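Participant: Chains Z and D supply the protein sequences, listed in that same order.
Per the working numbering, the very first residue in the first sequence carries number 53; after that it's consecutive.
Per the working numbering, the very first residue in the second sequence carries number 8; after that it's consecutive.
Hints are not guaranteed to be accurate.
With a straight-line Cα cutoff of 35 Å, these simulated DSBU-like cross-link-like pairs (lysine-lysine) come out [stated by the list, open to error]:
1) D:K34 - Z:K499
2) D:K140 - Z:K487
3) Z:K450 - D:K173
4) Z:K495 - D:K171
5) D:K34 - Z:K495
6) Z:K487 - D:K173
7) Z:K422 - D:K34
8) Z:K549 - Z:K534
9) Z:K374 - D:K140
10) Z:K378 - D:K178
11) Z:K542 - D:K178
12) Z:K564 - Z:K584
13) Z:K518 - Z:K411
14) D:K178 - Z:K60
15) Z:K536 - Z:K584
16) Z:K411 - D:K171
17) Z:K60 - Z:K175
18) Z:K499 - Z:K487
19) D:K173 - Z:K518
20) Z:K60 - Z:K534
21) D:K140 - Z:K524
22) Z:K70 - Z:K85
23) Z:K535 - Z:K550
Hints in this document: simulated from the structure, not taken from any laboratory.
Since this is a predicted model, take the numbers as computed values, not measurements.
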Amino acid sequence: MTTLSSFKGGLVLDGHKKMSASQPLQTAQLPEKLIIPIQQHIGHQPEIIVSVGEHVLKGQCIAKATDNISASIHASSSGIVTAIDEHPVAHPSGLNAVCISIDTDGKDEWRDRNPLKENYKQKDCTELLQIIRKAGVVGLGGATFPTAAKLKSCDQQQVETLIINGAECEPYITCDDILMRERADEIILGVQILQHLLKVKQTFIAIEDNKPEAIHILTQALKKNNSQNTDVISIPTRYPTGGEKQLIKIITGKEVPAKGRPADIGILCQNVATAASIYNAFYLDEPVISRIVTVTGNAINQAANFETLIGTPMSELIDQSKGYTKDVAGLVMGGPMMGFSLQSDNLPVTKACNCLLTKTVTETQTVDAKACIRCGECADVCPANLLPQQLYWYSSSKNFDRAQDLHLFDCIECGCCSTVCPSHIPLVRYYRFAKNEIWAQEKDREKSDIARQRHEFREARIAREKAAREEKLRQKKEMLAKKKAEEEGKADQTDPKKAAIEAALARVKAKKESAAEKPKNTDNLTEQQQQKINEADQRRENNKTKTEDAKQ
Amino acid sequence: MITALIILAILAAIFGLILGYSAIRFKVEGDPIVDQIDSILPQTQCGQCTYPGCRPYAQAIADGEAPINQCPPGGETTILQLADLLGVEPLELNPENGEESVATVAVIDEANCIGCTLCIQACPVDAIFGAAKQMHTVIADECTGCDLCLPPCPVDCIDMVPLKTKTTNWKWSLPESNKTAPKA
């Protein structure tokens, strides 16, 4: 047995687990109508591959994973697809999302199943991942990250330690507890598949010490199934031991680096329910079409755990728990620490729905938040070693850069700080707000980068087209000018009219020149002749001056 | 005395050479501050800032010709980021340039489109698809919501529709009790 470490902070909370854990596991009735949201995981939306009116069999894929970070969705029972449209879903926003509605035919008829069983040992890693992927397995601890993607990301790094998370640290929730008690063998066989896939050196199954029965049963099951290098570890009951990073700290004493993943230090965590669904995929060839849901709280008549088909309306589970008590005031999906309020119970159960917690009037009464008195309680309980008060300061004033400098994204939203705050400040709301804003800004940045690229490309294209047009115009002009010049050259040589005109001009020119020459026969003149010439010249001069005077 | 002067002169010459060399060797291409401002602007290319696009406005801010509060699509977030980058006081958005509104996307009423291509020529990011006398349509993912396609449309068949909030782009808001929060 390894010696356990501990994490800083955390809270010891009242478990309230008995009310549902003391009841045996029940199977929820097959509803008349299943409403199956196609986005039940973190990542990309799968592609719908059925159409309205189509008859589907239980376990048939109805929406196919588009890429690695996506998960397939399967029909939870046989029946006819009646609608593919938007329907209210369990989401903090209370908004609608695309769902596939199936009217069940009551036969609950399975598609053909060809389980691999033990033969998985002969298959290689890629094929095993493909089977997990096709079965739509996601992390059932609450994060619903596609399991195949999580396992695939371990390719590059050698994972030496596998931790199976059965801590279930949040109050009220007992679905993992009952799963471990009822289906210990399935979990162990599922773990063996993971061990084979990852070739890990050691495996720990961590269970909080408030579940002694589960610890006992799993220890027995380990022996029965000859599991090597696997230990069931009882860990102290302290919220949030079930947090991935906190659990790793407790068991190995190692810290997952900020912004890093457990695989960076050779560790992988999987939830017990995820291990059980891997078992289902290999030994039964059944995809994830159901999960155990804890229906509990102080406003329900008979708390219990139900094996529930995905897509079952929550209201049916409430009915099967003998309805609400009179003082019911609210319904929460998840636990009291990390869950979120639902607007109604007319919503379908999804892969993420581990618990339906009913609340009474007194439990839902909120106290107005007062100013922060800087007592520092929040920092003492923070299991992620953050400074909640500073984060609150920077988140509320939208100073997101500073919030990120203080490792906002290492916050696991466990709610310890909000719980202990004497001023009742809803601290986690501020962190969620800040995280959402930062993500939205990043998305906007990406979008604007694309817009800039497109704009620059357009400008460049317009400039290129303009340049091309101008170049063409210039070439045309040049060609015209050249043609003109050539034509002119030809005209000079051939046109007879022009030649005649030029010849005439030349003649006139010659005549003028000859006229300017000295008059002939002016040599050897007599005195009388000379006098007459002079007189004539004199008259001419006079005439000239006379006409000029007249002109003036 | 003379030795000291000579040594200083030689030193000055050496450093001058080093500085001169590094000025050429490590020359920064373009104007990095314009790039930084441009990367903050939302790239709608809408021209509401009175400049013909985001980059000219970024240039104007960098040259000190324009204040940082003329970008309605960016709104408060952009102003805060610009103020942070440039080390100036944040300003209120100038109402003359328009009001900060929700993000929109252009939608062409395809039944009424006559295929004139005028909107295609107006779109700054080539987000409208179509050809002469053929119906046009907007590539919604690429549309920046700049409104520039509205005025040239001769049949008024383009509408600006607010982007729909879905579970994938929904955001947690600030708690109502934020009035008690400190101001950083």
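Participant: Would the hint linking Z:K535 and Z:K550 be met if the CA-CA limit is 35 Å?
Facilitator: 20 Å, holds
Participant: Sort out whether D:K171 lies within 35 Å of Z:K411, counting only the CA atoms.
Facilitator: Between Z:K411 and D:K171 the Cα gap is close to 32 Å, so the pair holds against 35 Å.
Participant: Can the restraint linking Z:K536 and Z:K584 be considered satisfied, given a maximum Cα separation of 35 Å?
Facilitator: 61 Å, violated
Participant: Could you grab the alpha-carbon distance between Z:K542 and D:K178 and see if it respects the 35 Å cut-off?
Facilitator: 81 Å, violated
Participant: Between Z:K70 and Z:K85, does the CA-CA distance stay at or below 35 Å?
Facilitator: Holds, because 32 Å separates the two Cα atoms, which is no more than 35 Å.
Participant: Under the criterion that the straight-line Cα-Cα distance not exceed 35 Å, is the pair Z:K495, D:K171 satisfied?
Facilitator: This hinted pair holds, its Cα atoms lying about 16 Å apart.
Participant: Does the structure keep Z:K499 and Z:K487 at a Cα separation of 35 Å or less?
Facilitator: Holds: Z:K499 and Z:K487 sit about 18 Å apart, inside 35 Å.
Participant: Is it true that the CA of D:K34 sits at most 35 Å from the CA of Z:K499?
Facilitator: Within the cut-off at roughly 31 Å; holds.
Participant: Does Z:K411 lie within 35 Å of Z:K518 when you go C-alpha to C-alpha?
Facilitator: This hinted pair is violated, its Cα atoms lying about 69 Å apart.
Participant: For the pair we were handed, Z:K450 and D:K173, check the Cα-Cα distance against 35 Å.
Facilitator: With Cα atoms ~23 Å apart, Z:K450 and D:K173 stay inside 35 Å; holds.
Participant: Given the proposed pairing of Z:K487 with D:K173, does the C-alpha separation stay at or below 35 Å?
Facilitator: Roughly 17 Å separates the two Cα atoms, so the pair holds.
Participant: Within 35 Å, alpha carbon to alpha carbon, are Z:K549 and Z:K534?
Facilitator: 24 Å, holds
Violated hints for the displayed structure, listed by number in ascending order: 2, 7, 9, 11, 13, 15, 17, 19, 20.
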